[in-house]
Amino acid sequence: DQQVKQNSPSLSVQEGRISILNCDYTNSMFDYFLWYKKYPAEGPTFLISISSIKDKNEDGRFTVFLNKSAKHLSLHIVPSQPGDSAVYFCAASARNGNEKLTFGTGTRLTIIP
Amino acid sequence: DVKVTQSSRYLVKRTGEKVFLECVQDMDHENMFWYRQDPGLGLRLIYFSYDVKMKEKGDIPEGYSVSREKKERFSLILESASTNQTSMYLCASSHDFYEQYFGPGTRLTVT
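Protein chains in written order, with my numbering: chain A, 1 to 113; chain B, 1 to 111.
Worth flagging that the hints you see were computed from the coordinates, not collected in a lab.
There's no promise every hint is true.
[What the hints assert, rightly or not] Simulated coverage check for chain A against chain B, where a stretch passes if three residues somewhere in it have a Cβ under 8 Å from a Cβ of chain B: (1) 18 to 32; (2) 73 to 81.
[As the list claims (entries may be wrong)] Computed far set for chain A versus chain B, every beta-carbon distance over 12 Å: (3) Lys5; (4) Leu11; (5) Val13; (6) Arg95; (7) Leu101.
C-beta: ideal position from N, C-alpha, C; glycine also.
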């Protein structure tokens, strides 16, 4: 039972363009969402997060949007750079539960120079 | 900077062997986690610990056990390794349950 889904296993984007990574969830108790980035042979690193009381959070080139009614979040990277090529995981947590993170399956983003 | 280290980057073991994976963090974090990462399945939580000598089962604890005798160290134990435990194992720590800091991972192959 995959409660957090990333339906696109891979995505290729031209350098300088916008990258949009999508994530859907099914558990209505989730109220905090995070994005992690993972390079090969390294552990994931935290990128950006959003609480369910917001619908948008921005940090430099990275913006996360949350649509609670659709149970959907997206990560926008603009402009995309070659160093953004990595696997991106979204994760969700229910703060009223045991608060562990549930991760999606990941999307491999490739930025084409 | 938070540093999470794992004892081995690559490990090859035989079926039936007992395997220990060690994880150490240097930021005095209360919470520590063990995940495995498999293609198409993402990161799945095996066990976590929110205090010394405390442990909680994650989503896939079967075939694994853990030990946390000191705050900075969290060990994952495979009592009798099997080929379906071939995977990338990731340790993480956090002050709260949200922003977790990961180690580089141990790629375990069981033959």
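Hint check results:
no.	hint	in the structure
1	18 to 32	violated (count 1)
2	73 to 81	violated (count 0)
3	Lys5	violated, 9 Å
4	Leu11	holds, 16 Å
5	Val13	holds, 21 Å
6	Arg95	violated, 8 Å
7	Leu101	violated, 7 Å
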